[in-house]
Amino acid sequence: MSDTASLIPVTVLTGYLGAGKTTLLNRILTEDHGKKYAVIVNEFGEIGIDNELIIGADEEVFEMNNGCVCCTVRGDLIRVVAGLMKRKGKFDAIIIETTGLADPGPVAQTFFVDDELKAKARLDSVTTVVDAKHILLRLSDSKEAREQIAFADQIVLNKADLVSPEDMRMIEARIRRMNPLAPIHRATRSNVPLSAILGRGGFDLERIVELEPDFLNPAHGEAGHVHDEHCGHDHHGHDHHGDDHGHDHHGHDHGHDHDHGHDHSGNVAATYDDDIKGVSLRLDRPVDAQAVTKWLNDLLAEQGPDILRAKGILDVKGEDKRLVFQAVHMILEGDLQREWRTGEERYSRMVFIGRNLDEAKLRAGFEATAAA
Amino acid sequence: MNVNFEAYVTAALFDSSTRAIFALGDGTVRFEDGTTIDAHPNGSVQCACAHPSGEGIVTGGDDGRVMWSRPSGPELIGEIKGRWIDSVASSAASGLIAFAAGKELRVRDVADPAFERVFKHDASVSDIAFEPKSGKRLATATYGGVALWYARVAEQKPQMLKWAGSHVGLAWAPDGRYIVSSMQEGQLHGWRLSDVKNMQMGGYPAKVKSMTFLFNGMIMATSGSNGAVVWPFGGGNGPMGKQASEVAYDEAGFTSRVAALPTRTLLAVGRDDGRIGVMNLQENRMEKVREERGAPISALALSADGGRVAWGDEDGNAGVAGLPLM
Ligand SMILES: [Zn+2]
Ligand SMILES: [Zn+2]
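Here the protein sequences line up with chains Z and E, keeping their order.
Just so you know, the first sequence maps onto residues 5 to 376 in our numbering.
Just so you know, the second sequence maps onto residues 728 to 1053 in our numbering.
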């Protein structure tokens, strides 16, 4: 009934207290972009800005009555967003700031599960703000911190100036192993361009243009960085001149950063074994539509609670268009997208981000869906 | 009457003077003669109900205030500072008004300005219903079930009618014997209060946002499907073991609002494509009130004599139409 353009975009900001979420939020509210935001917050009073559309909410996570632990929604958001819609025309977009302990899963699922909300609003993206100085400790002691990283469409890595370049590389390598899809924006006091946070279409099937999981690419501005689609915007004036602007990701040695990370001493943990990781699968033969659908459905039914996010582009046998999908836990959305172009390399690729992922088993299952 | 208020129509009702009254997303209350009351300046009306006296309308706003608006002006009934009033209900029988913000429910007495009760919940309250006959008890829809409170008692533990999931809407049968809640998952759950027997009433393709009892409590009609879903409540077992039927069925979209009169068989049906019809369930005859398509119908009411229908939609279109004798 409603086309996507008329839906109110919703941006989610997550991250630990003190990581710089509020600074980022204040920038969104004060910078001159001609948009009016309604903001749903959990800690009142932190925002020193007068805005009649700042609403307090209670982070009430409700289980759906199918009895599944991952099938949850945020009841407060359903109520508040429905209430906001009564003020239609008074704002253009919604920001949801979660507490540091929030699981982004229910926030996202709310916008896929509730038909009333779905008819009015669409989730644009999830930004996770982290503090480079404390992130390793957080990753070790907090399940929520790991989930927030894994769930993110983009990550703002604050206090970049307070961490040594070697530690920074290691932090980024660790983040990338957990979430190979989210661009990492190094920042101090959340000074990232807002175009990197707003209007990202992180849940938009049309915007799954290419899936280039980036397990190791050092951050923009670092030695060895390979530019990709995430570098299109201006990173605070640092100079692209003379950099290698090629999009060569395939040449990366998946593992070297991990190894050299072990040699560091000082305040960062030398070894880690995060329960959450990203797994990327690729197949150069076309897949069978029925087989791949069944495999995905079965996988999500069985491992949905552990799979935080998934995205894929599929080359389906007998189909001229690309089949794209995305998933949040057990919620799977797929659609035929544009046609494969003549001369374009056709392949299937999917990326899973989750807990306890058995890469070999996933790969075998995926490869078994190849068309005969 | 046909107007565009240029603000979401949160509620429409007829008061005891048979005036149509509209409450809007811009914080105003509009009477059908054109009188405008700015009940929630710079705010929006989130919920509304009739005043126990029958005169005017009671509104809850995102300014934390509960206001009583009559053509003579607005009057403050209660306030929960810094919060949104999510739901409000009243009882003509007991003269009480209850309103909720988040997990907190408050009760006021129109005859006693000093009277206030505060009831705390473990989760947010989504809807309130008074026991229809005496108005001495009230029910709140919340996460994990429905809480039953004695409206005037200061210190108490509510009786919980438990059922897993999020309960978002409430209807209390006119004879007081059944409570029905609407759930997040597009189904209803009911209880027979005499023995707290559970009734599951499912099969909805959408969330049920509107429920109403009619025909002396023999029937309950709801939105949430292609037509209006009609449940039989006659006999000692309510809808248990019986089938619901669907009237005013139309494949194009869902019903968004239903409205009825307590003793009659008239049922007004508003749809999510803006169309409205009124039917008499005994004759199965449909009178088209609005055929023009537009935003979802968000407010709907029948006048006490069944002679008029008032409606409003999410884009601010609203109207009052006369009905033929049905
Ligand atoms: Zn689940
Ligand atoms: Zn770059």
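To be clear, the hints were calculated from the coordinates, so they are not data collected in a lab.
Careful, some of the hints might be misleading.
Claimed, not checked - Once the Cα atoms are required to be at most 27 Å apart in a straight line, the calculated BS3-like pairs of lysine-lysine come out as:
#, chain 1, residue 1, chain 2, residue 2
1, E, K830, Z, K122
2, Z, K315, Z, K281
3, Z, K147, Z, K315
4, Z, K92, E, K863
5, Z, K92, E, K924
6, E, K924, E, K1015
7, E, K808, Z, K40
8, Z, K94, E, K808
9, Z, K92, E, K860
10, E, K924, E, K860
11, E, K863, E, K830
Claimed, not checked - Which residues of chain Z face chain E? A few of them, derived with a C-beta cut under 8 Å, are:
#, residue
12, L11
13, E63
14, E64
15, M89
16, A177
17, R178
18, R181
Each residue gets a CB set at the ideal place from its N, CA and C atoms; glycine is no exception.
We went through each hint and held it up to the structure:
At roughly 25 Å between alpha-carbon atoms, K830(E) and K122(Z) fall within 27 Å of each other, so this suggested pair holds. Between the alpha carbons of K315(Z) and K281(Z) the distance comes to roughly 14 Å, so the proposed pair stays at or under 27 Å and holds. Among the hinted pairs, K147(Z) with K315(Z) is consistent with the structure: their alpha-carbon atoms are about 22 Å apart, no more than 27 Å. A C-alpha spacing of about 37 Å is found between K92(Z) and K863(E), which places the hinted pair above 27 Å, so the restraint is violated.
The hinted pair formed by K92(Z) and K924(E) fails the criterion: a straight-line CA distance of about 42 Å is larger than 27 Å. A hinted pair counts as satisfied when its Cα atoms are at most 27 Å apart, and K924(E) with K1015(E) does not qualify at roughly 39 Å. Of the supplied pair hints, the one linking K808(E) and K40(Z) holds, its CA atoms being roughly 24 Å apart against a limit of 27 Å. Our distance criterion of 27 Å between C-alpha atoms is met by K94(Z) and K808(E), whose separation comes to about 22 Å.
Distance restraint check for K92(Z) and K860(E): the Cα-Cα separation of roughly 38 Å exceeds the 27 Å cut-off, and the hinted pair is therefore not satisfied. For the given pair, K924(E) sits about 21 Å from K860(E) by alpha-carbon distance, which is consistent with the 27 Å threshold. Distance hint between K863(E) and K830(E) is fulfilled; the C-alpha atoms sit about 21 Å from each other, no more than 27 Å. Taken as an interface hint, L11(Z) does not check out: its beta carbon lies about 14 Å from the nearest beta carbon of chain E, beyond 8 Å.
Nearest Cβ of chain E to the Cβ of E63(Z): about 11 Å, over the 8 Å cut. The hint is violated. Annotation: E64(Z) was flagged as interfacial toward chain E, and the flag holds, the nearest CB pair being 6 Å apart, inside 8 Å. A least Cβ separation of about 7 Å between M89(Z) and chain E falls short of the 8 Å threshold, and the interface hint therefore holds. The closest approach between the C-beta of A177(Z) and any C-beta of chain E is roughly 41 Å, which is over the 8 Å cut-off, so the hint fails.
Using the Cβ-Cβ criterion of 8 Å, the hint placing R178(Z) at the interface with chain E is not satisfied: the shortest such distance is roughly 37 Å. The criterion of a C-beta within 8 Å of any C-beta in chain E is not met by R181(Z), whose closest approach is roughly 36 Å, and the hint is violated.
Of the numbered hints given earlier, the model fails hints 4, 5, 6, 9, 12, 13, 16, 17 and 18; all others are met.
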